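Residue numbers (numbering that gives the first Met the number 0), protein chains in the order written: chain Z, 0 to 372; chain R, 0 to 372.
Hints are computed from structural coordinates only; laboratory data are not their basis. Predicted, not measured: the structure shown is a model, and the values here were computed from it.
Each pair of labels, with its calculated beta carbon distance range:
1) R/Pro356 / Z/Val120: 50 to 56 Å
2) R/Gly80 / Z/Pro13: 52 to 58 Å
3) Z/Ala206 / R/Ser282: 55 to 61 Å
4) R/Glu361 / Z/Arg272: 45 to 51 Å
5) Z/Val120 / R/Arg354: 46 to 52 Å
6) R/Ser118 / Z/Arg310: 28 to 34 Å
7) Z/Val120 / R/Asp364: 38 to 44 Å
Only part of the chain R face toward chain Z is listed, based on derived beta-carbon distances under 7 Å:
8) Lys44
9) Pro70
10) Phe84
11) Asn86
12) Asp295
13) Ala314
14) Ala322
15) Glu324
16) Leu326
Even glycine gets a Cβ: it sits at the ideal position worked out from N, Cα and C.
Number of protein chains: 2
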Amino acid sequence: MTPADIFAVSHRDPLGRARAGILRLAHGDVPTPAFMPVGTHATVKGLTTAQVADTGARILLCNAFHLSLRPGENLVRSLGGLHRFMNWHRPILTDSGGYQIFSLGKLFDVDDSGVSFQSPVDGKRVTFTPERVVAIQEALGVDIMMPLDQPVGWPCEEDTARFAMRRSLAWLRRAVEAKTTPQVLFGIAQGSVFHDVRREGTEGVLATGVPGLAVGGLAVGEGQDLMLRGLDYALRGVPPAYPVYLMGVGTPADLVEAIDRGVDMFDCVLPTRNGRTGWAWTSEGVLRIRNAAFHDDALPLDPRCDGPCCRVSRAYLRHLFVAGEMLGPTLLSFHNLRYYQRLVEGAREAIIEGRWPTYRLEVLDRVRRIGKR
Amino acid sequence: MTPADIFAVSHRDPLGRARAGILRLAHGDVPTPAFMPVGTHATVKGLTTAQVADTGARILLCNAFHLSLRPGENLVRSLGGLHRFMNWHRPILTDSGGYQIFSLGKLFDVDDSGVSFQSPVDGKRVTFTPERVVAIQEALGVDIMMPLDQPVGWPCEEDTARFAMRRSLAWLRRAVEAKTTPQVLFGIAQGSVFHDVRREGTEGVLATGVPGLAVGGLAVGEGQDLMLRGLDYALRGVPPAYPVYLMGVGTPADLVEAIDRGVDMFDCVLPTRNGRTGWAWTSEGVLRIRNAAFHDDALPLDPRCDGPCCRVSRAYLRHLFVAGEMLGPTLLSFHNLRYYQRLVEGAREAIIEGRWPTYRLEVLDRVRRIGKR
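Turn these sequences into a full structure, and let the hints guide you.
This is how it looks when you write it as structure tokens:
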């Protein structure tokens, strides 16, 4: 499988690397740049799949690690696969769970064969190998599979980053061998923010012949400047035919800067996680809806938003949060996801219409007003 | 205002007292029998108002007591009234909060003038009088207002019931005097399950000239047999022109038996409260979705349900509850509200088509299979 089998760039910023394209996947086309809402346990928290579709999302991210532990990939397969299980019929990408496993602290053992850990669900010992992780995602029937990888945190020594990058490459080669279906398998390039490690990581992924490149191990605390430097190292020399996915990123400013560097796909928990705590992105900056200033504010969250979240006042949304009502997190999650989708939809239009540099600066100016209220 | 100004019966069961009609209210018509979902704090827990409308609900119940304490009726009025505040543009009835205040245990003081209590929101002393409760609901701008009343619990002595009934009547007369708008004010007849008290309660309400009769103080623990006996006492001799609202009732069997006695309106927290804990009504009885038996069950909750809740499997819904995901309570709340709406829609159709007795028996047979799984 080559990049051209799943991805076509249609428009480019003439002066830079931003581009618009289409991912062609088993469950439909995805215009890029694309933002994937996170539905870890086969649900975007608090939203029905109809609502997720109403935000404009064309592809979801779920988590193979979590779904394997509960309810189990074989159950999902027996019920017709993950799309049918969760009633979402557009494309799905599953993260492998490497990041989640290595977030378990001291509770895992890792060697070249794979990683074993105590299940956070039932305490049982579980082993994930590169082969097992592919098999899980084949059972789930997702459109895009991610290989088991070994991420590193921040701060991180260069030797540690190199070691994890090389192990991730070795695991990717085993994942490529293990794959038995026509599902798409991306490669994950690790390397933290180190030039030589990033170069080797990316070249190693491309050498495996996978049709898509995921950049992992960034946005783990190093800050935007270092993150973008690592991204630059990772993407230097990548043929433009490859779809590029920047994992776990990020803020609206991160997305715009990464799109400017040629990234096509993103996922992040921020819009839903922050939405649940009452934090809303708007065209005027960030609002913390519990703020007493909104007690009697008759305006919608964002006069420029077209979602159902913005057919009520800030005063009503604040009331929902103060009263502890579930509808508050639901409406702010919807709003933030719609904000992110409008952001990437706007980026795509701007690239297509040849005004990307202006759009980028407008967004950066807008989001830098963050925290005013 | 007379009953004919707001209510018209169009069809009757020729052998009994079940009837179908239309309530004509400021924000639209409501076909009866009608079930009102409960949106205590200006939200049906976990559902957007679009979803509530999708369940088929034509009228909502909110709570004047709760909304007065938070966010305050003056704020709601300044934002355009309760309909606009919560983005629900069909009729709204508000309960006065009598029941909630008297559920505060020892935290209230009551005399003929009204009731004072410590606010559960901020601990401040608050006084509700019949006049104040009308003013709150006028500020909210609801379609149907309920007067302050003094309910009694169960078990209950006849003298206690009589005392509370008479005080509730005195307060109703003050509420009628206090009303300054064309909003509809119902009367609440108390009287527990005692024949003479119920008769006096109903006659007292009708004597005030209000256009609708609410039967309060039932379904508080006395059991269905006594509840229906109290209802029979309360409704004997009520002119058929009056819309009748049985407050806080109840199970599907309760609704059917009450419709059979001439009740037109209901509200109850059961479908949403039980839905949040994983309990679902279906055409095959009640399912407790956390039950391990549903682990791999590919069927929808109810093959006869037409809601989005039934486009996923029981296995998926169980997974959501086991994983503690918000979407589980949301989908089961939707499902149960849709079940209740289908129940009253079916009752209405059966009455109109002259097959009410058969419909009643079918429903009773179905719901008596409760608890099998």
